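Using the sequences and the hints, build the whole thing.
Line by line, the protein sequences are chains B, E, W and V.
Numbering follows the numbering used here, with no gaps: position 59 of the first sequence is 59.
Numbering follows the numbering used here, with no gaps: position 212 of the second sequence is 212.
Numbering follows the numbering used here, with no gaps: position 143 of the third sequence is 143.
Numbering follows the numbering used here, with no gaps: position 37 of the fourth sequence is 37.
Just so you know, the hints here were simulated from the structure itself, not pulled from any lab data.
This structure is a prediction, so every number in the text was calculated from the model and none was measured.
Keep in mind that the hints are not guaranteed to be accurate.
No distinction is drawn between identical chains; accordingly, a pair holds when it is met within one copy or between any pair of copies.
[Unchecked claim] Only pairs whose alpha carbons sit at most 30 Å apart, straight line, appear in this in silico DSSO-like list of lysine-lysine:
| no. | residue 1 | residue 2 |
| --- | --- | --- |
| 1 | 62 | 29 |
| 2 | 316 | 62 |
| 3 | 244 | 166 |
| 4 | 306 | 316 |
| 5 | 192 | 316 |
| 6 | 62 | 306 |
| 7 | 29 | 137 |
| 8 | 316 | 260 |
| 9 | 137 | 62 |
Number of protein chains: 4
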Amino acid sequence: MTSFGESHGRAVGVVIDGLPAGLGVDLKKIQMWLDRRRPGQSKLVSNRRETDTISVLSGVYKDRTTGAPLTAVVHNEDVMSEFYDEIEAGWARPGHADYPAFVKYGGYNDPRGGGRFSARITVGFVIAGAISHSLIKERLGIDVAAYVKRIGTVEARDLSFEEASKRYEYSMRCPEAEVNGRMEEEVSSAKKDGDSVGGIIECLTTPLRPGLGQPVFSSLDSELAKGLFSIPAVKAVEFGAGFKASGWRGSRNNDTYEIKGSTIRTRTNNSGGVLGGLTMGEPLVVRVGFKPTSSIYLPQRTVNFKEMKEGVLSLKGRHDPCVVPRAVPIVESIVSFTLADMAIRSGMIGPVLGQDG
Amino acid sequence: MTSFGESHGRAVGVVIDGLPAGLGVDLKKIQMWLDRRRPGQSKLVSNRRETDTISVLSGVYKDRTTGAPLTAVVHNEDVMSEFYDEIEAGWARPGHADYPAFVKYGGYNDPRGGGRFSARITVGFVIAGAISHSLIKERLGIDVAAYVKRIGTVEARDLSFEEASKRYEYSMRCPEAEVNGRMEEEVSSAKKDGDSVGGIIECLTTPLRPGLGQPVFSSLDSELAKGLFSIPAVKAVEFGAGFKASGWRGSRNNDTYEIKGSTIRTRTNNSGGVLGGLTMGEPLVVRVGFKPTSSIYLPQRTVNFKEMKEGVLSLKGRHDPCVVPRAVPIVESIVSFTLADMAIRSGMIGPVLGQDG
Amino acid sequence: MTSFGESHGRAVGVVIDGLPAGLGVDLKKIQMWLDRRRPGQSKLVSNRRETDTISVLSGVYKDRTTGAPLTAVVHNEDVMSEFYDEIEAGWARPGHADYPAFVKYGGYNDPRGGGRFSARITVGFVIAGAISHSLIKERLGIDVAAYVKRIGTVEARDLSFEEASKRYEYSMRCPEAEVNGRMEEEVSSAKKDGDSVGGIIECLTTPLRPGLGQPVFSSLDSELAKGLFSIPAVKAVEFGAGFKASGWRGSRNNDTYEIKGSTIRTRTNNSGGVLGGLTMGEPLVVRVGFKPTSSIYLPQRTVNFKEMKEGVLSLKGRHDPCVVPRAVPIVESIVSFTLADMAIRSGMIGPVLGQDG
Amino acid sequence: MTSFGESHGRAVGVVIDGLPAGLGVDLKKIQMWLDRRRPGQSKLVSNRRETDTISVLSGVYKDRTTGAPLTAVVHNEDVMSEFYDEIEAGWARPGHADYPAFVKYGGYNDPRGGGRFSARITVGFVIAGAISHSLIKERLGIDVAAYVKRIGTVEARDLSFEEASKRYEYSMRCPEAEVNGRMEEEVSSAKKDGDSVGGIIECLTTPLRPGLGQPVFSSLDSELAKGLFSIPAVKAVEFGAGFKASGWRGSRNNDTYEIKGSTIRTRTNNSGGVLGGLTMGEPLVVRVGFKPTSSIYLPQRTVNFKEMKEGVLSLKGRHDPCVVPRAVPIVESIVSFTLADMAIRSGMIGPVLGQDG
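What follows is the structure in structure tokens.
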């Protein structure tokens, strides 16, 4: 996957190379995934108005992949660059990459809306994710569902895959009606204060057949973590019992094996589905921690890095008080894409439809 | 870095390509780093006896790098493969990759001591880490120090870089004498029970100049996480405030900028030194969660994957009740290597000594 | 460089990652390079009508590169797919990839106009080449000029860089007026017969400072050859004396060194500017052999690979009797791009304008 | 394949990653291939005495690949570095990389015997080649045979694959007894004069099933050329009719298809087995031009790049008057390795023995 585009440039998009030939490309499905991450859907999120209409430039013929690189773009429409004059003037927004990007690129970077560092680049992730999801679903029977586990101080219990699957019926993507309601209040409250709030997304899959992943540096957890940390605002990733297991003994943490029908399974899934960097027959369980949105309306002390002086910055424009619900399809996309990539590299998915290994 | 080797093969090692020419290679320093991860150092760790003597095969001339690939190996000596007959017979050790590796490689993998999935492969990481540490220290003035933050239920307070630097004077690598003592007890107690225990390592650096890291998929946090999850037993990684920030509001989490002397700094470091995938002038703060050692002496229920039957496995051989203290130089190595790699890719370190960008 | 697009898809284009920030992007220059490879320029070439107008989607801000991936596309306009019904029906055009592509992609490939295997994909090469040329010219003072050395049986003498520089003033890109005229006749004659003809392009540069290139597998000649063989119809590549040197003795072939002013130069340039995969202070000299255009109007015996039967194919549509003159900017583009890539990898060009190594 | 080592370092070797698990590793076969490239075999070649004994460090268990990286080294034994004092003093050997390497690596490179630029690094290529040859032979039934087509002014006619297969029964690797004899004389004559001579190797395969290769930049010819130009002394590569086709018309060059039994074949093979970067059912035909050995005993004018003065250099030590016969297994190795690599990337060879696509 090659990602390109900026927040306020002409387009954001993606080139996906290595897709097998013959895979059905369902533009309606991709559009549905894009709509799930789109801003402007509820009164609680950023009201930037983008239709986010996908345009496929290459790699598809008669609604199927050709084996050639698939390129898809979404044009940027509702661009209000006037709100970004202060960044261009050198005022660093706390929590954003304005200042390090300025240093790194010698001031040549596109500063409008964070430019290359904007969450808008995840449009490309979602396009790749929707296509990858079709691939692993059709070829390997894998399904993926993430849900909002926590927003601020409100936390949901651990949900099953079936429960998680209903996520998009809930405004906060938390398929527990009562908890979802309290999450709404948490976001409303932050919004009212001109503030923002963070959260945690948990992503689950159906059981994954053993052997997906490549030791050492392309282990499944390595590749998933690499992808997940490329999502803006992600600060933490853990698999299975994660940090909790650091406090446990081996006798509690080890997942013991049993034979269930004709397959080998474990009684618990503290590993989160990954052992030695490989899948081992269980569902993937990965949790992703998001910091609160960096753009808040409250005045913040900061510096002007062009003039080397201190000051106070009050942001205008449109900002989500909480990006976590919108990030659910993004996390699902990174997981779907990484599983598809590993399946192709492991030889589980062949280069042409119907010629799998 | 290309890693190779198996637990009970002839050697483990590493090829490092892309090192600048002219870097001094101090074999004594590398050996010291290797000794820090070596088993058999105290009564609390595995008593496998390995001298772990480094042998450099290529890429060094007159004690300096030549610009050609540097290859270094450590030969395996104290190999007691007889303890691994049960794995070869098909009994899956809970928590290990025996079963998924068997499926992935069709039974052709080397099963002795976990083979390719053994923590012994980290010998190569440490060689690369020690050399990378010299590189970033000499060229960019960066220093790195990790310490044991938690073992089981015993947790240290947040330490400063200076405090953390004394880590190797303490048996458990926790430079708080009293906490180190309680950690020793935690491990002894697990050992006495034939059990094991997990823990957390926190890695700190000196302040990193802004701009290190490459958006999107090679962001600094993406690359660090990828490397850290390639260490066996790692299940969780977080930067700065990490998961805690998920429960906070933006006004609390955002690090506000100030001018200190002639440089721009932040008043807090909740970001852990990374914004938008780039360094921003602060020290790196990353925490790594290790699960408890999977090899325990307590009998465990499991299956024989060759004969598809259930049974009970009691491990013999030599196993650490807690790998966390030995993992400190490994975490430091991955961080040093990744910073060196990003510095080279960012053009901060040039291809020849004295010709930096 | 990531290339994408098909002959008769919506667009062809390129994503260029790793460009330094701050490089001026001159759309007029890129357009001029595109025009040089564009069909429909003279009565002797294909009369497919394309304006080939470049559209930059990302990576440029205020007419300079930002350090983010630069994406540029050219939309396909004059698409006459009706001439390609026979390929779709399974008739393999001799000399084209129709048949192997059908096998490789299980019939899912886009067959129209050769799809992904069409020379139209070189539009992307030329965009990357024009930008790369600006980079190496501005930062390293390198200039590049290719000319048509041979068409069919008509061959030009070895030209100097200064002579070669006038190539675009001549219809056949051979800056010897009389030879250019005879080349025109060679092409006219083939065209009249419904046939085609091949040729050789020689590419020269100004002297290249020593040390560009990476041993072993990314030697300068390896990378150049890899790029040049990705141009459709290329069947041969040689550097300096090339195949001729195979018949010589070492005492004749070795370029002896001398001191010229303050620099080290060689008296001859049989090496073509590359020793051990590195530049050595002399100009690059590389020759590229093109086979005659595979699409000819003469009836040819062939097979239908869908119905497994033999038959005779008479091509319609628009075909160049000789692609060699149009390939001159393509060869220059591959050479410019590869030199820029190697210069960046060698640290000769830094990541930001004015911060070179 | 990661290559490492220097001419006079401790060892040369290779790490091969991505080999399928379960492939038989026949050390005797690898040793035989190494012996074919070994110096000291006849009175006409360099009498450096190396036993070139292979040592496998990782990736093999019970004589089969495990799926983990395979590392093999050959230790350097007969190292006479005293002959290289003049290079170290700064005298550039014409035709060698001494001078550009000195500039590139700021003088830190290992100069002894050419160091990293020595043909001794091809030991690693041959190890990888012998293993790759087993892989493509066993899994895909592909065989590879190269022979010496030309030495100096003596040229053999085009040989069939069956004829070429007898190459190692002839001192000059030219399986035409009379021509082989004249080649011997050509080399003897150059040797007597203290000079050297170049040549051409042609490499053939058995017919390759269609579809091997990846457009655009990893086309089969691109990858083969990249590998072949990494062999020291190679200056030219052409496929099929190669440069000759540049003088032909399309009607002569196009290979027309016919049905032979149940397969599609071409009547001629001017393409050399590659169309659009893909195999198309015919044998591969590739010719590789070698310049004459750069090390000659005749005195040559040159410069001292450390002292910036001119002078005359007379080489001592051991030098082949013609490396071409010894390069036959090296060319076969690059071709075998590249075909194996492309077959794995195309999904024709699966990750585990018996699980091919």
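Inset, instruction - May I ask which of the numbered hints given earlier this structure violates, with the numbers listed in increasing order? - result: none
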